[in-house]
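Asks: This is what each chain is made of:
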Amino acid sequence: MNERFEIPARLKTTSFVLMLIGIVTLLLGVFTLMNSHAADHEVMHAERTRFWLVLLHNSVFFLLICVASVFIQAAASLAQGGWIVAYKRVPEAIGANVWIFGLITMVVLFCIAFVFNIDGHNPIYHWVHPEGDRVLEGKSGFLNKGMFAGFTIVTITLWSFFGRKFRALSIAQESAPKNSTKIYWNMVKWSAGFLLVYALTQMSTTPWMWIMSIDAHWYSTMFSWYTFASAFVSGMSLILLWVVYLKNQGNLEIVNKEHIHDLGKFMFAFSIFWTYVWFAQYMLIWYSNIPEETTYFKMRQQGPYGMIWYAVFIINFVMPILILMARPSKRNYFTVSFMAMIIIFGHWLDFYIMTMPGPLGVHWHLSWYELGIFAGFVGILIYTVANTLTKSSLIPNNHPLLKEALIHQS
Amino acid sequence: MAIKKFAVACFDDEEVLFPAVKKVRDSGYKLHDVYTPFPVHGLDHALGLKETDLHVAGFIYGITGTATALGFMGWIFTADWPMVFGGKPHFSLPAFIPITFELTVLFAAVGMVLTFCYLNQIMPGVKKHVFHPRQTDDLFVVAIELNDQVTEQEVVDFLKSTGSIETNVQVAESEWWYGRWDKEEAYQQA
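Protein sequence lines correspond, in order, to chains B and A. Going from the first sequence to this note's numbering is simple: count from 1 and add 195. Going from the second sequence to this note's numbering is simple: count from 1 and add 767.
None of these hints come from the bench; they were simulated from the model. Virtual Cβ for every residue (Gly too), placed ideally from N, Cα, C. It is possible that part of the hints are untrue.
Stated by the list, open to error - Subject to a maximum C-alpha distance of 27 Å in a straight line, what follows is the list of computed DSS-like cross-link-like pairs (lysine-lysine):
hint : chain 1 : residue 1 : chain 2 : residue 2
1    : B       : K452      : A       : K817
2    : B       : K452      : A       : K771
3    : B       : K442      : B       : K207
4    : B       : K493      : A       : K855
5    : B       : K460      : A       : K789
6    : A       : K771      : A       : K790
As the list claims (entries may be wrong) - Simulated restraints on C-beta separations:
hint : chain 1 : residue 1 : chain 2 : residue 2 : range
7    : B       : G445      : A       : P891      : 47 to 57 Å
8    : B       : N381      : A       : H812      : 35 to 45 Å
9    : A       : A846      : B       : T489      : 26 to 36 Å
10   : B       : N592      : A       : D915      : 51 to 61 Å
11   : B       : F309      : A       : H808      : 52 to 62 Å
12   : B       : N339      : A       : H808      : 23 to 33 Å
13   : B       : K340      : A       : P865      : 53 to 63 Å
14   : B       : L517      : A       : P865      : 47 to 57 Å
15   : B       : E369      : A       : D800      : 42 to 52 Å
16   : A       : D915      : B       : A464      : 25 to 35 Å
17   : A       : E933      : B       : I467      : 41 to 51 Å
18   : B       : T489      : A       : P865      : 31 to 41 Å
19   : A       : D811      : B       : A464      : 39 to 49 Å
To be verified - A few chain A residues that don't get close to chain B, going by computed Cβ distances all over 10 Å:
hint : residue
20   : V783
21   : L798
22   : E818
23   : F826
24   : G853
25   : G854
26   : A862
27   : P865
28   : E869
29   : F883
30   : D905
31   : D924
Okay, chain B solo, but in the shape it has when bound (with noise of 0.2 Å):
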């Protein structure tokens, strides 16, 4: 069996493409929008924030997609579910990559908070100078820079040590003596460490202070958990992307249909879940139509983000639940990869009409800068998990469930 995984030099090529792209994509929206001299005042201060605020929504998405994978691998082990022993270190490279991420997001994070500034008012996190504003003022006591540099490290801290210890656990368990199961018992006991962090930031309050508070004067109590069925629906799909490629690519052999289908239900669960908290966030401001909550949804449902809105709708919801419904489709190697693809790039929209309504209006665009900032992400992405990957062998010869996995029927 094929059991180590080369980088093949045309995904090598790819991902430094990519990565070029995205620093050349960079280094251009320094010298063309961040130093923007517009004419118009509201363009040219549009142009400085769009910069940032590009940077933020690609580094939260990238981030919180990748952190998705040490959740399932903490769920998976809590339950002790064998299915997906067979494409372990799929996950569990991703979920050691975390720190990267990470560490991307908070140079962005801070810069934004303590140096974006235009005319002493920060035009993303309006509530670094709350003053005079009665709403940020009342808010003060949690949206403040101590708060949010604090949450942030925590955050991001606690994810990247458990993303690196998972995959330690892991590769320990490779030495250790056959049938001893002592890691495996430890690792569960991390994993419910793990929920529970996961439980406390992602699911209820990290993403308050990363995106919402962008739109500082609304707030919803389910944003959260509605960034987390964003995130693991695409984390998954994302995990599916890699077992498809390394399949490919001849490796991961025992991998086949059952372990796919899984993977493709995920998808299609989750995609459901996904426009379950959608809509019931939506549907509650639209019921009660009090006008300090409806203004977020007037800007992205009918204003000049409608067309987003729609799509975002169509490609989240409507595509999986016709696409994925039938088991055949689900066990069709393209029809998931495409629809992993496409899952991913539809919750990347959805990060973007979280991000960009806010700050900048009217001025959005979606063209050279964002993709190829996404570009940029997507290399490091692929790069860096590709780069894990080789590391060990793909296969955990030494899990004790790994029976379990080479028999599964789904």
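Keeping the supplied structure of chain B fixed, place chain A upon it in accordance with the hints.
Replies: For chain A alone, coordinates are given in the frame of chain B:
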């Protein structure tokens, strides 16, 4: 609804049952059914059962539920008895979604349960012939339908050769029936 003659074989081990089922299928005898005390993984493949269409039925029931809910609410609130709630339009889709969802689930669930019962010939108050009382306890029971082309002895000998621990020949109703005493007496005599 037909009373037929069956050759019945009992097995006490899955390991023997699987090759036996394969031999029965290869032999060309008409396999009526296999009864097991618990779900046996892979037996459906061994029996060559085709994929069920229950999920297609479920989809149709679900769509029916969606259409019923949306159609009914739309008709009530626009044509039959228009009312204004909280200044919303008469046909306000977001408010209809939860009920539409519930009816979709209800129609799909109830419809699929009934279809499942029909396909498996189970329902409160209906009966089906039990080939061996221990088929719900600890025995795997294979029933082969006999017809003019085969002799009883030939099939029984064949079943014995596959490793069964007990074989016999029974005359029984092959389908389900609604339990009535006269009917049951009729084929106890048959």
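Asks: Now look at each hint and say whether the structure bears it out.
Replies: Results of checking the hints against the structure:
At most 27 Å may separate the alpha-carbon atoms for a hinted pair to count; K452/B and K817/A meet this at roughly 18 Å. Our distance criterion of 27 Å between C-alpha atoms is broken by K452/B and K771/A, whose separation comes to about 42 Å. A threshold of 27 Å between alpha carbons decides the hint, and for K442/B with K207/B the separation of about 17 Å falls inside it, so the pair holds. Under the criterion of a C-alpha separation no larger than 27 Å, the hint pairing K493/B with K855/A is consistent with the structure, at around 15 Å.
Proximity of K460/B to K789/A is assessed by CA-CA distance (about 32 Å); at most 27 Å being required, the pair is judged violated. Distance hint between K771/A and K790/A is fulfilled; the C-alpha atoms sit about 22 Å from each other, no more than 27 Å. For the hinted restraint 47 to 57 Å between G445/B and P891/A, the CB-CB distance of approximately 55 Å keeps it satisfied. For N381/B paired with H812/A, a C-beta distance near 38 Å keeps the hint of 35 to 45 Å intact.
Between A846/A and T489/B the CB atoms are about 29 Å apart, so this pair conforms to the stated range of 26 to 36 Å. Checking the proposed 51 to 61 Å range against N592/B and D915/A shows it holds: the Cβ atoms sit about 58 Å from each other. Between F309/B and H808/A the C-beta distance comes to about 59 Å, which sits within the given range of 52 to 62 Å. Remark: the range hint 23 to 33 Å for N339/B to H808/A is contradicted by a beta-carbon distance near 58 Å.
Taking the beta carbon of each, K340/B and P865/A are about 41 Å apart, not inside 53 to 63 Å as hinted. Taking 47 to 57 Å as the suggested C-beta distance range, the pair L517/B and P865/A does not conform, at roughly 21 Å. At about 47 Å, the CB distance of E369/B to D800/A agrees with the hint of 42 to 52 Å. Between D915/A and A464/B, the C-beta spacing of about 52 Å breaks the proposed range 25 to 35 Å.
Between E933/A and I467/B the CB atoms are about 50 Å apart, so this pair conforms to the stated range of 41 to 51 Å. Distance hint for T489/B and P865/A: a CB-CB separation of about 19 Å, inconsistent with the stated range 31 to 41 Å. About 24 Å separates the C-beta atoms of D811/A and A464/B, a value inconsistent with the hinted range of 39 to 49 Å. Listed as outside the interface, V783/A is consistent with that label: its C-beta sits roughly 21 Å from the nearest C-beta of chain B, beyond the 10 Å cut-off.
For L798/A, the shortest C-beta to C-beta distance to chain B comes to about 23 Å, beyond the 10 Å cut-off, and the non-interface label holds. With a minimum CB-CB distance of about 8 Å to chain B, E818/A fails to clear the 10 Å threshold, and the non-interface call is violated. Once the 10 Å rule is applied to beta carbons, F826/A is inconsistent with being away from chain B; the minimum gap is 7 Å. A Cβ of chain B approaches the Cβ of G853/A within 10 Å, the least distance being about 6 Å, so the stated non-interface status is violated.
Non-interface status of G854/A relative to chain B is broken: a Cβ of that chain comes within 10 Å, the nearest being about 7 Å off. In this structure A862/A is not separated from chain B by more than 10 Å, as the shortest Cβ-Cβ distance comes to only about 7 Å. Not every beta carbon of chain B lies more than 10 Å from that of P865/A, the smallest distance being close to 8 Å; the non-interface claim is violated. The claim that E869/A is not at the interface with chain B holds, since no C-beta of that chain comes within 10 Å of its own (minimum 13 Å).
Distance to chain B confirms F883/A as a non-interface residue, since its nearest Cβ pair spans about 17 Å, more than 10 Å. The claim that D905/A lies off the interface holds: its Cβ sits roughly 25 Å from the closest Cβ of chain B, which is beyond the 10 Å cut-off. Consistency note on D924/A: stated as away from chain B, and its beta-carbon is indeed over 10 Å from all of that chain's, at 36 Å minimum.
Comparing the model with each numbered hint stated earlier shows that hints 2, 5, 12, 13, 14, 16, 18, 19, 22, 23, 24, 25, 26, 27 do not hold.
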